[in-house]
Amino acid sequence: MALLNITSPHAHNKNHTAWVMQQVLLATIPGVAALTYFFGAGTLINIIWCVTTALICEWIMLKWRGKPVAFYLKDYSAIVTAVLLAIALPPYCPWWVSLIGIMFAIMIAKHLYGGLGYNPFNPAMVAYVILLISLPVQMTQWAAPLGADGASWIGFKAAFLNNFGFAPIIDAHTMATVLDVMKQNDSLTNNQLFEEYSQFGHFGGLGWEWVNLGFLMGGLYLLSRKIFTWHTPISMLAALALVSLIGYNAGGSDSGGSPFFHLFSGATMLGAFFIATDPVSSAVSRKGRIAFGACIGVLVYIIRVYGNYPDAVAFSVLLMNFAAPFIDHYTQPRTYGYNK
Amino acid sequence: MSALKKMRKTYKLRGGIHPPENKTQSLQSPIDVLPVMGEIVLPLGMHIGAPAEAIVEVGQTVLKGEMIAKPKGFVSTAIHASTSGTVKAIEHRPIIHASGMTAPCIVIEPDGKDQWTTLTPILNYRQSEKNDLLEHINNSGIAGMGGAGFPSRVKLATDKTIEQLIINGTECEPYITADDILMQERAAEIVEGIEILQHLVNPQETLIGVEDNKPEAINALQAATQGKNIEVVVFPTKYPSGGEKQLIQILTGKEVKSGGLPADVGVVCQNIGSTYAIFRAVKHGEPLISRITTLTGEALTTKKNVEVRLGTSVQQLLDFAGFHASRANRVIAGGPMMGFSIPSLDAPVVKTTNCLLAPESNELPLPPEAQPCIRCGMCSEACPVSLLPQQLYWFAQAKDQEGLKKHHLMDCIECGACSYVCPSNIPLVQYYRASKADIRQTAEDQKKADYAKTRYEARLARIEKEEAEKEAKKQARLKKAAAATTAKEKSEVKAAVERTKAAPAEATDDPVAAAIARAKAKADASPLDKAKDNVASLEKRLKKAQAKLDAAKANNDENLAAFESSLTKLQDKLTTAKAELEKLQGEAPKATPEINTDDPVAAAIARAQASRADGESLSPEDKLNKDIESLTKRIKATETKVAAAKENGDEKAEILESSLTKMQDKLTTAQNELAKLQPAKEAPQAAPAVDENDPVAAAIARAQAKRSGDEALSPEDKLKKDIDGLNKRINATQEKVATAKENGDDKAEILESSLNKMQDKLKAAEAELAKLQPATEKTEDAAATQSHDPNDPVAAAIARAQAKREQSSDLSPEEKREKDIAHLEKRIKLTEEKLSEAKDAGDDKAEILESSLEKLKTKLADLAAAED
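Chains as they are written, first to last, in the working numbering: chain A, 1 to 340; chain B, 1 to 868.
These are computed hints drawn from the structure, not numbers from a lab.
None of these values were measured; they are calculated from a predicted model.
It is possible that part of the hints are untrue.
Here are the computed distance ranges between Cβ atoms for each label pair [to be verified]:
#1 A:Pro120 x B:Leu366: 53 to 61 angstroms
#2 A:Pro325 x B:His324: 22 to 30 angstroms
#3 A:Pro120 x B:Pro215: 45 to 53 angstroms
#4 A:Ala33 x B:Lys436: 22 to 30 angstroms
#5 A:Arg225 x B:Pro35: 37 to 45 angstroms
If we take Cβ atoms under 10 angstroms as the criterion, some of the chain B residues that face chain A in the derived model are [said to hold, decoys possible]:
#6 Gly16
#7 Thr301
#8 Ile374
#9 Ser419
#10 Ala437
#11 Lys721
#12 Ile723
#13 Gly725
#14 Asn727
Just so it is clear, CB atoms sit at the ideal spot from N, CA and C, and this is done for glycine as well.
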């Protein structure tokens with residue numbers, strides 16, 4: 001018997017990076033299901049396409065960088081990035097839009113910054129913002145949710161043919177999202193908006209309420225598995241709710257929208273539980289993560305109400321990624337044995 | 001009843017983990033007390049602190065419980081033979097240590113009798129002195145048995161007020177049950193041990209902290225503590241609650257300051273095993289020679305707790321437990337979280353070996369390859385001391401010691417919780433241990449560097465201080481001198497005033513006489529008199545200073561330089577004072593008639609004064625002479641300075657030397673100029689003398705010329721003086737060279753070169769003199785005749801001239817040559833003497849002397865040839 005000389009600890013729990021990533025993927029299921037239900041199969045087509053291209057990009061980059069390919073591919077991180085980007089993209093954007101996005105995310109935002117663990121920005125959000133700025137037409141064409149005027153469910157085949165340019169869905173109904181409508185509105189009260197526009201649902205956007213609920217469920221599952229702590233998502237949601245409450249103004253025509261509207265519209269829940277919690281690019285300490293999350297929440301509201309783009313989550317997260325090292329510097333926890 | 005007792009509030013431990021406990025396997029059977037199992041190896045350093053010092057010799061017979069090594073220092077404890085037998089060896093053996101190193105051990109060959117030595121229990125410990133009891137405990141070899149091995153005496157010897165005595169029955173490490181089973185089986189003894197501890201530290205309350213996964217131990221302790229001032233505190237199981245600082249936090253909410261001791265917050269902590277050992281030591285007099293060790297792990301057939309003699313080899317214990325070597329990939333001393341793998345199974349069980357864990361490969365699998373840190377923060381959630389392990393990891397990789405320290409790496413307790421939870425399998429603790437070692441090493445290096453720096457700075461400060469003291473002394477001397485002068489001046493003024501006062505008192509009867517006296521007093525106190533006084537006093541002081549300097553030189557005083565500089569200053573002052581005096585005297589109208597014409601020097605002075613009084617400045621010669629004089633003085637002073645500087649190895653020596661060279665150059669220039677001037681001067685003077693038909697007229701003219709303002713010294717005299725001076729200086733320099741050579745001093749060469757220069761100068765001067773002398777000899781003769789009529793220089797000159805005329809005009813060439821030859825012979829003789837001296841002394845200058853001797857001889861030969 002060879003006596004191995006290994007330092008402590010000798011025991012290890014079952015957690016592995018791959019397991020963590022798998023949990024995240026698992027947690028996206030309710031949200032993706034809601035997206036598919038309301039907006040058709042486009043999201044699923046996007047996910048499949050993005051994951052495939054992401055793995056290829058990852059493989060190329062690992063080869064180039066002389067890293068063990070199998071070892072790194074098995075960590076699922078590229079897949080998580082791909083799935084998150086695919087969820088964020090409009091379901092019926094052309095294939096090359098997603099491809100550009102994935103290449104940016106994996107090759108530039110991830111590997112050119114040093115690969116997993118070294119990227120200062122959330123790769124999926126970098127890609128999303130690049131696409132949004134470069135290709136505003138493709139990136140703002142969201143399908144009308146099922147139940148809105150003239151909308152119909154789009155199946156796999158139609159979605160595939162559309163996304164890959166074989167047979168565009170001529171009658172594909174694109175519609176301004178509720179966030180757009182809310183931003184452009186300066187005459188109707190909130191209640192009137194909900195009555196007049198069919199894409200408004202019960203308290204958020206039609207369908208979006210359910211998508212957000214789905215991601216909230218997934219997020220709560222991840223919390224229960226201790227994949228991340230509550231600090232970032234809860235502080236972000238709380239901050240967003242607080243500032244939107246301040247700007248609610250009883251739902252008048254100059255209202256920014258109710259807290260419920262903001263929490264359950266757009267990418268709020270996805271951002272809170274799947275984007276802002278990306279550990280690599282966020283703050284590290286508990287205090288730091290509270291600050292990090294709260295700032296994202298405030299920024300989301302400001303950008304949604306006052307900014308040019310309604311896609312506030314991506315911008316807010318990226319802006320706060322910048323600030324993470326700064327936050328870390330000022331939020332070092334009090335170590336045992338130091339003054340309280 | 002106890003159930004009704006209000007539950008003590010416990011505090012939550014931050015972070016922590018819940019690894020599989022794996023404790024039941026070894027709790028199936030009671031403690032198995034093992035017999036001696038062969039050779040006993042007892043390391044001298046089984047505890048933290050200084051290793052014990054062996055007090056037995058090889059071959060010596062020892063009894064069980066006999067002290068074989070005594071504590072060395074305060075943080076150290078004794079070691080005892082764990083069975084009777086013979087000391088086989090005292091040598092390096094493998095021990096249980098992460099480094100896999102060997103350490104000095106006492107090896108005992110058991111005699112099989114296992115015979116106790118005479119035991120000295122302290123039955124009535126309450127009556128004994130605290131210090132005696134502590135000494136007894138330390139001499140019984142009790143050290144912390146939870147893992148660290150800190151000598152118990154050190155902890156118990158606190159004189160601080162102890163609020164809580166905490167007995168650590170936590171045993172939070174997975175697998176280990178040694179304390180658990182001890183509490184279950186020997187609770188009463190433990191409680192007695194606690195009472196001894198209570199007597200020692202006198203706590204306000206006593207708590208036994210036990211995790212809630214040990215219900216049987218809790219029951220046993222609660223039964224044993226009935227009616228005693230001891231509380232069993234149960235709290236939720238969580239790793240690492242058993243860390244001393246963590247347990248203190250859980251039971252009291254207090255935090256031990258970073259770098260502090262539990263006693264600082266009024267807490268003393270003792271392990272269950274140590275408490276039991278203290279009971280055995282005090283009540284039975286038995287030193288620490290055995291301990292409870294858990295044998296566990298799937299590679300062992302029998303998993304149980306054994307009471308094993310210290311020094312038993314791990315191999316024997318494992319064999320006893322049915323060790324399947326093929327199934328195990330390592331043997332761990334301690335638990336899976338903080339234990340370390342044993343590099344050699346020959347290592348013995350020591351005081352801190354609470355567990356031997358032989359896991360199967362799949363039980364504690366090898367760690368997989370580490371993945372990149374994704375900063376998930378699970379580590380910081382698990383950290384019981386609120387560190388940011390993921391940040392520390394970055395700093396550790398970057399070897400950023402400042403960042404590591406700022407993030408409190410040194411407060412890491414190495415519990416391993418972060419590594420345990422890390423999804424990327426990064427061996428974080430390993431990084432921290434390495435970084436800690438680096439930081440300690442750096443601190444150690446820094447300490448050394450600081451020490452060197454402090455020493456260097458102290459040296460600089462010392463030198464500076466010495467220099468400042470020298471300067472202060474110098475200043476004080478100057479002040480004193482100044483004060484003395486002022487006092488003198490004051491006293492003179494006073495005297496003058498008194499005189500003035502006294503004068504009228506004396507001559508009140510005669511106003512005329514009084515007026516005369518007043519005028520006289522006034523005249524006495526005239527600036528001229530003052531200047532004279534000043535010169536006189538300065539001369540006195542100069543003399544004194546010179547004497548001091550000489551004394552200092554003789555004593556090789558370190559203040560030599562100071563003396564010299566003050567001497568130079570005094571000389572300067574004197575020069576100034578003399579100049580002033582001269583000026584005053586020149587101004588004094590009656591000075592002129594006072595010229596003593598009998599004295600040619602005085603006459604010359606008078607002449608000079610007269611010329612100055614006429615509004616003329618000093619004649620060029622006078623100036624040059626003055627310059628030369630002052631230059632010579634300065635050169636002398638600088639030379640001594642150079643010598644002093646050289647002696648002290650001072651850097652300014654070179655600067656001084658260069659200035660010396662410059663001055664010498666100046667001197668040479670001045671001398672040359674003077675030489676140029678003198679013939680020119682002499683020419684007009686000589687012009688009448690050229691008229692050889694009338695020597696009388698010539699002599700008269702010469703004398704008149706002299707009187708008309710020439711200098712007193714004839715060129716020969718000057719040259720002679722110069723030669724004398726040079727000779728003196730050469731001698732002095734030679735002496736210096738000799739001493740320098742003796743001392744192996746570097747400046748010897750410099751001195752030699754200056755010596756050479758001086759000798760060259762001397763030769764030049766001598767040559768010049770030789771040239772002049774034929775011309776002057778007659779002047780001398782004339783001077784000799786002058787004595788006939790000293791009252792009238794003109795008459796004297798006439799007389800001289802007449803005498804000369806009588807003597808015919810010149811010395812014959814033969815006469816001159818003879819004189820020269822005589823002179824040369826004299827010099828050759830002198831040089832030869834010097835040369836032999838130098839040769840005797842093995843001096844380098846011998847060569848120079850030889851060369852000059854040779855030159856002299858050639859000259860002599862030339863002269864002799866000319867004679868023929």
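Cross-check of the supplied hints:
1. At about 33 angstroms, the beta-carbon gap between A:Pro120 and B:Leu366 misses the expected band of 53 to 61 angstroms.
2. A beta carbon spacing of about 52 angstroms between A:Pro325 and B:His324 contradicts the range 22 to 30 angstroms that was offered as a hint.
3. Checking the proposed 45 to 53 angstroms range against A:Pro120 and B:Pro215 shows it holds: the Cβ atoms sit about 51 angstroms from each other.
4. At roughly 50 angstroms, the beta carbons of A:Ala33 and B:Lys436 sit outside the given window of 22 to 30 angstroms.
5. For the hinted restraint 37 to 45 angstroms between A:Arg225 and B:Pro35, the CB-CB distance of approximately 52 angstroms leaves it violated.
6. Proximity of B:Gly16 to chain A is violated relative to the hint, the smallest CB-CB distance being about 12 angstroms (cut-off 10 angstroms).
7. Among the interface hints, the one on B:Thr301 is violated; its C-beta lies about 16 angstroms from the nearest C-beta in chain A, farther than the 10 angstroms criterion.
8. Interface restraint check: B:Ile374 against chain A, minimum CB-CB distance 5 angstroms, threshold 10 angstroms, status holds.
9. Contact between B:Ser419 and chain A, as hinted, is supported at the beta carbon level, the nearest pair being about 5 angstroms apart and thus within 10 angstroms.
10. Interface hint status for B:Ala437: violated, as the beta-carbon distance to the closest one in chain A is roughly 12 angstroms, over 10 angstroms.
11. A least Cβ separation of about 85 angstroms between B:Lys721 and chain A goes past the 10 angstroms threshold, and the interface hint is therefore violated.
12. Evaluation of the B:Ile723 hint against chain A yields a violated restraint, the C-beta minimum of about 85 angstroms exceeding 10 angstroms.
13. For B:Gly725, the shortest C-beta to C-beta distance to chain A is roughly 80 angstroms, which exceeds 10 angstroms, and the interface hint is violated.
14. Interface hint status for B:Asn727: violated, as the beta-carbon distance to the closest one in chain A is roughly 82 angstroms, over 10 angstroms.
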